[in-house]
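Participant: Sequence:
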Amino acid sequence: MAPTPLELDPKYDDYDFPTAAPEPQDGHPGYLTPQQQAQVAQLRLMLEAEGYTKRLDTLTLLRFLRARKFDVELAKKMFVECEKWRQEIKLDETVPNWDYPEKKEMFKYYPQYYHKTDKDGRPVYIEQLGGIDLNAMYKITTAERMLMNLAVEYERVADPRLPACSRKAGCLLETCCTIMDLKGVGLAKAPQVYSYVKQASAMSQNYYPERLGKLYIINAPWGFSTVWGAIKGWLDPVTVQKIHVLGSGYQKELLKQVPAENLPKQFGGTCECPGGCELSDMGPWHEPEWARPAKWEKKADAAKEGADASVAAPVPTATEVNETAGAPAPAAA
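First residue of the sequence shown: 44, per my numbering; consecutive thereafter.
Just so you know, the hints here were simulated from the structure itself, not pulled from any lab data. Hints are not guaranteed to be accurate.
To be verified - Simulated crosslink set (DSS-like; lysine-lysine; CA at most 30 Å straight-line):
1) K299 with K226
2) K232 with K257
3) K120 with K211
4) K257 with K182
5) K211 with K308
6) K162 with K232
7) K162 with K133
8) K97 with K211
9) K120 with K54
10) K146 with K112
11) K285 with K146
12) K226 with K275
13) K151 with K295
14) K133 with K112
15) K54 with K133
16) K295 with K133
17) K299 with K120
18) K299 with K97
19) K127 with K146
20) K341 with K147
21) K162 with K54
22) K308 with K97
23) K162 with K151
24) K146 with K308
25) K285 with K275
26) K54 with K342
27) K127 with K241
28) K182 with K285
29) K257 with K275
30) K147 with K347
31) K146 with K211
32) K127 with K347
33) K285 with K232
34) K211 with K54
As the list claims (entries may be wrong) - Derived DEER-like restraints, expressed as beta-carbon distance ranges:
35) S244 with G290: 15 to 25 Å
36) D176 with W277: 31 to 41 Å
37) N178 with A81: 46 to 56 Å
Using N, Cα and C, we set each Cβ at its ideal position, and we do this for glycine too.
Make a model of the complete structure from these sequences and hints.
Facilitator: Right under this line is the structure:
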């Protein structure tokens, strides 16, 4: 089945990366029915009518529609709730200026990072939950900053990470491959670990739909199946199908999805980035051939240039104002 070109809206769609999904999937770009394409336009019109002007591009609206099985009313409700959340936490203003200097110290307890790509070209996201100690972590940062950092990283996945990966792969990539390492998560730590994971999962599912490609839960401890039964209750059935729960013998399965040279050595791969894989942020988003400035970076730079220009511009004298307007300068008092 050959992909059909995505109908783009010139007002909102200015993609500089491929816009066709890598394989035929119902409701995905390149494989939309005429009705689904019409539902994108319908959702956009409904949101415009309520005053929304941001994030109305076709790919974004499609993600919300897929998350709600193309029920336009439910997709609209989800989109509006997401926009309200973004405004409440001032996410658009925060992203260009976000600084997380406590990151290295936090990683002693909770490494969470993007590192290279899987065999499908998607970003690989790694979390190690065994060292989580919320009491110690809250002496370094706050729960609010932890969740804000997570939101900022989701924004950076959307742009520049996924666009760079799409350029390199030659097809549209909208999801990530996640590795969640539970090594060291015993019964004593379980409550606080799952408390945080539940908050993070809610953010992901409610505000960043259709971003999970595959999730490998590795080093799952004895008794995890009971916990997993509870976690599944928070998740959409489609999401559950993307999740693979593995014990300590996970390497073979993981290496089917992630090339050894892209997988950190501690997980059975061969990668050893200088300074540590967890702090390297290696991936196509840093490779000159594929990387481009994120749209939020461009907007921030343009705003800064505008502010600098207004500061640098000399204030015109009364004489100059009048001469520009074609009127004689006022006589001196």
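Participant: Work down the list of hints and note, for each, if the structure agrees.
Facilitator: Okay, the hints, checked on the actual structure:
{"no.": "1", "hint": "K299 with K226", "result": "21 Å, holds"}
{"no.": "2", "hint": "K232 with K257", "result": "25 Å, holds"}
{"no.": "3", "hint": "K120 with K211", "result": "34 Å, violated"}
{"no.": "4", "hint": "K257 with K182", "result": "33 Å, violated"}
{"no.": "5", "hint": "K211 with K308", "result": "24 Å, holds"}
{"no.": "6", "hint": "K162 with K232", "result": "33 Å, violated"}
{"no.": "7", "hint": "K162 with K133", "result": "36 Å, violated"}
{"no.": "8", "hint": "K97 with K211", "result": "27 Å, holds"}
{"no.": "9", "hint": "K120 with K54", "result": "23 Å, holds"}
{"no.": "10", "hint": "K146 with K112", "result": "37 Å, violated"}
{"no.": "11", "hint": "K285 with K146", "result": "29 Å, holds"}
{"no.": "12", "hint": "K226 with K275", "result": "20 Å, holds"}
{"no.": "13", "hint": "K151 with K295", "result": "27 Å, holds"}
{"no.": "14", "hint": "K133 with K112", "result": "29 Å, holds"}
{"no.": "15", "hint": "K54 with K133", "result": "24 Å, holds"}
{"no.": "16", "hint": "K295 with K133", "result": "43 Å, violated"}
{"no.": "17", "hint": "K299 with K120", "result": "38 Å, violated"}
{"no.": "18", "hint": "K299 with K97", "result": "39 Å, violated"}
{"no.": "19", "hint": "K127 with K146", "result": "28 Å, holds"}
{"no.": "20", "hint": "K341 with K147", "result": "27 Å, holds"}
{"no.": "21", "hint": "K162 with K54", "result": "34 Å, violated"}
{"no.": "22", "hint": "K308 with K97", "result": "41 Å, violated"}
{"no.": "23", "hint": "K162 with K151", "result": "29 Å, holds"}
{"no.": "24", "hint": "K146 with K308", "result": "22 Å, holds"}
{"no.": "25", "hint": "K285 with K275", "result": "12 Å, holds"}
{"no.": "26", "hint": "K54 with K342", "result": "17 Å, holds"}
{"no.": "27", "hint": "K127 with K241", "result": "21 Å, holds"}
{"no.": "28", "hint": "K182 with K285", "result": "35 Å, violated"}
{"no.": "29", "hint": "K257 with K275", "result": "15 Å, holds"}
{"no.": "30", "hint": "K147 with K347", "result": "29 Å, holds"}
{"no.": "31", "hint": "K146 with K211", "result": "29 Å, holds"}
{"no.": "32", "hint": "K127 with K347", "result": "26 Å, holds"}
{"no.": "33", "hint": "K285 with K232", "result": "26 Å, holds"}
{"no.": "34", "hint": "K211 with K54", "result": "26 Å, holds"}
{"no.": "35", "hint": "S244 with G290: 15 to 25 Å", "result": "22 Å, holds"}
{"no.": "36", "hint": "D176 with W277: 31 to 41 Å", "result": "23 Å, violated"}
{"no.": "37", "hint": "N178 with A81: 46 to 56 Å", "result": "53 Å, holds"}
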